[in-house]
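Going line by line, the protein sequences match chains P and S. Under the numbering used here, the first residue of the first sequence is numbered 1, with each subsequent residue one higher. Under the numbering used here, the first residue of the second sequence is numbered 1, with each subsequent residue one higher.
Keep in mind the hints are simulated off the structure, nothing from the lab. Where hints are given, some of them may not hold.
To be verified - Heads up, simulated SDA-like pairs for lysine to any residue below, C-alpha to C-alpha not over 20 Å straight-line:
#, chain 1, residue 1, chain 2, residue 2
1, S, K176, S, E197
2, P, K158, S, E262
3, P, K26, S, R318
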Amino acid sequence: MRSLLLAVLAAYLIAAIHSILAFVNKRRSLQRVAEWSMIAGFVLHTCALIADWVIDGHYPLFFLRETLSFLAWALVALYSLVLYRYRAQALGAFTMPLISVLTFIALIIGSDSTNAPAAFSATWLFPIHTTLLIFAYAAFFIVFIASVMYLLQERELKLKTFGATFHRLPSLTTVNELATTAGGVGLTLLTLGIVTGMIWSSVRSGRVWHNDPKEIFALLTWLLYFVLTLYRSTASWRGRRAAWLGVVGFALVLCTFFGARLLPGYHVFG
Amino acid sequence: MSILLIGVNHKTAPVEIRERLAFTDEACANGLRHLVDGDVVREGLIVSTCNRVEILSATASDQVEFGVRRLTQFLDMSGHLPTGFLDKHLYRHTDEEAVRHLFRVASSLDSMVVGEPQVLGQVRRAYSLAVEAGTAGRVLNRLVHHTFRVAKRVRNETGIAANAVSISYMAVELGKKIFDSLKGCTVMLIGAGEMAELSARHLVNAGVSRVFIANRTEESARKMADEFGGTTIPFDQMDQFLAETDMVICSTGAPTYVLTEEQTRKALERRRNRPTCLIDISVPRNIDPKVGHVPNVFLFDIDDLESVISSNIREREREAERAELIVQSEVMQFQQTLRLMDVGPTIGALREKFQDIARTEMARQRKRLGNLTKDQEAAIESLLMSTVNKISHPIMNQMRRFYETSEPDATQAPPDPFGLEE
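Work the whole structure out from these sequences, hints included.
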C-alpha cells in the first residue's frame, strides 16, 4: 500500500511543480503536464483508497493517516471540477502543493496496525457523515483560495500597482463566482454532514448533541458560512467583504478540523 | 546561393529618408522586375512599411559583393539619392544574418512596439507582390514560408503580444480582468472624442453588447452611435443609465468633474454592488478621484493607464528574450535547409522517391498487420523512413560531393539511375 501511495505522491509532486512553473511562466505545455500528472495521481489514489478499504476491512476514513489521504483525494476531485468548469488553472499552483503535503504526511504516518472499532464500521451512516464533512472542508479550502485571489487582485486594481500575479490570476468575476459556488456546495455538504452525524449518534447512544469542542466549532463554522452564503445571495455583500469572510471562515474550518483534536471530547478522531 | 538583405528602419534612418525610399505596391512590382536580372540577383522581394524599407534577395554565392552593390545602387536610384548618401543609414546582412533579420522583423522583434501584429501582414503582402512579379523563386519561397512559421511559433510560444500597450486597448484588458469576458457587458462613453471612439471599437470587437453614448453635442454622439449600433443618452440624464453600465470611458473636455462620488454610490446601490470599471482618459480629470474609494468600483485615470502600459512593455521585452532563442534555433534549422537546397533539388526528389517506394510497400502489406494503435502506426512509419534514409544516405553523400566538386551543367549530368529526370 505504501508503494502505491508513494507513486501517488510522486504524481502529485510532479503536478504541483508543473502547476507552479505554469503559473510563473504561463506555459500551456507545463499546465498540460500538470493536469495529466494530476489525473494519473488521482486514479492511483482512488485505487489506493479502495485497496485500503478491502485490506483493512473498514471504510478508509477513520485514522488520521486515512483522513489526510482522503482529504487530499477530495481536494483533487474538487480541483478537477473547478478546472473543468472555470478553467482557473492558477488555483493549481496553490492547491497541488497542499495536496502533496497532505499525501506526504499520510505516507510518513504509515499504516496503523490496530483496527477500527467495530461500532464505527458497523453502520453506513458513519462513513457518510465523515465523507460529507471531508468534502465540505475541501470545498471551504477552495473558497479560501478563491477569496485570497480575489483580495490580491482587488488590491492591485484599487492601488493600480500591477505586480507579477496580476496577469496570472483569473478575473475578479471568475474568482468571485468560484467562491460563491464552492461556498454553497461546502455549506450544503456541511449541513448534511452534521445532520447525518446527529442521526448516527442518536441511533448509537440516543444523544444528538454532546457539547464537545468539535461540535461547537462545526456549529460556528456552519453559522459563518450560512451568513456568508446568505449575504452573497442577497448581494448586499459582494467582493471584498465576502472574500474576507471566506478567509476568516477558513480559520474556523481549521479549528474544527485540527483544533478539536487537541481538546478532549466525544469526537476522538480526525 | 546566398541570401542578401539591405535596408533602413526606424532605428537607422529618420522618417525623411524612409519616406523617400518607400515603395507603393506598383513601384514595388516594377522595381522588382528591374532589380532581378537572373544573373547576379536571382530572386528578390521588397518589404516597405512606414518603419522600414528592406530588400531581400537571393544571389549566386560567388557574387555576394557585387550583389550588395547592386541592391544599394537600386535603393539609391529608386529614392533619387546621390550615391553613398545612404551608407550611414543602411544595414547590410548576408546569409545567416539576413535570415535572422527577416525572422526578427516578421516576428515583430524589430518593431517600434515589440509584438505589434501588423508587420507579419506587411511581410505577407511583400511576398505576394514578389510572387506576382515572378521574382520569388526556390530560395525565397522556402525562406518566406519558414519565416511565417517562425513568426507563428513566436506568437504562440511567447507572450510578446500578450499585454496591452495602447491606452485604447487597455480598456479591453482591464474589462477582461474584472468581468472575465466582455460578452454581454454594457459600456457608457462620456464624451465622443477620438480616444473614446478607438476604445469603444476595441470593446465592441471584444464582444460588448450595449453601448451608451453621452455627449454634450448630440450630433457627434449620434454619429458614433450609428457606427457602433449604440444608443445616445442625454448628457444630464446619464445617472439613470449608470446602474446598468459595467464600464465607463470618460473623455470630455469639461474643466470639472462630470461624475461624482455621490452619483457612483447611488448607481452602485441600484446595481446591487456589481463591480464597475471606470476609465477616465481626460485631462483635466472628469471623474472625481474619490470615486475610486467606493467599494467594487475600479477607477483608472490616464496616469494609471500609462504606468500599466509601461509595465506591460517591460513584460513584452522579457518575453522578447525568449523569442530570440526561438529565432536563433530556427535560423540554424533554415541554414541546414539551405545547404541541402544548394546541393540541388535532385536529392530531395530522390529521398521522396525512396520514401514513396517504402510507403507503397507498406500500403501493400498493411492489411496483414491487422489493427494497430496510433503509436504503432507511427513506429512503423518512422522505422520505414529511418531505414530508407539510412540506406540512401551514402548515395546522397556521393551526389553531394559530385555537386560540390563540379559545376553542374548540361554536359555533365549527375548519375540518375532511378530515372528521376523523367
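Open item on the list: Between the alpha carbons of S/K176 and S/E197, is the straight-line distance 20 Å or under?
Closed with: With Cα atoms ~19 Å apart, S/K176 and S/E197 stay inside 20 Å; holds.
Starting from P/K26, check that the Cα of S/R318 is at most 20 Å away, please.
At roughly 13 Å apart (the allowed maximum being 20 Å), S/R318 and P/K26 satisfy the hint.
Legend entry - Satisfaction of hint between S/E262 and P/K158, Cα-Cα up to 20 Å: With Cα atoms ~19 Å apart, P/K158 and S/E262 stay inside 20 Å; holds.
In this structure, every one of the numbered hints holds.
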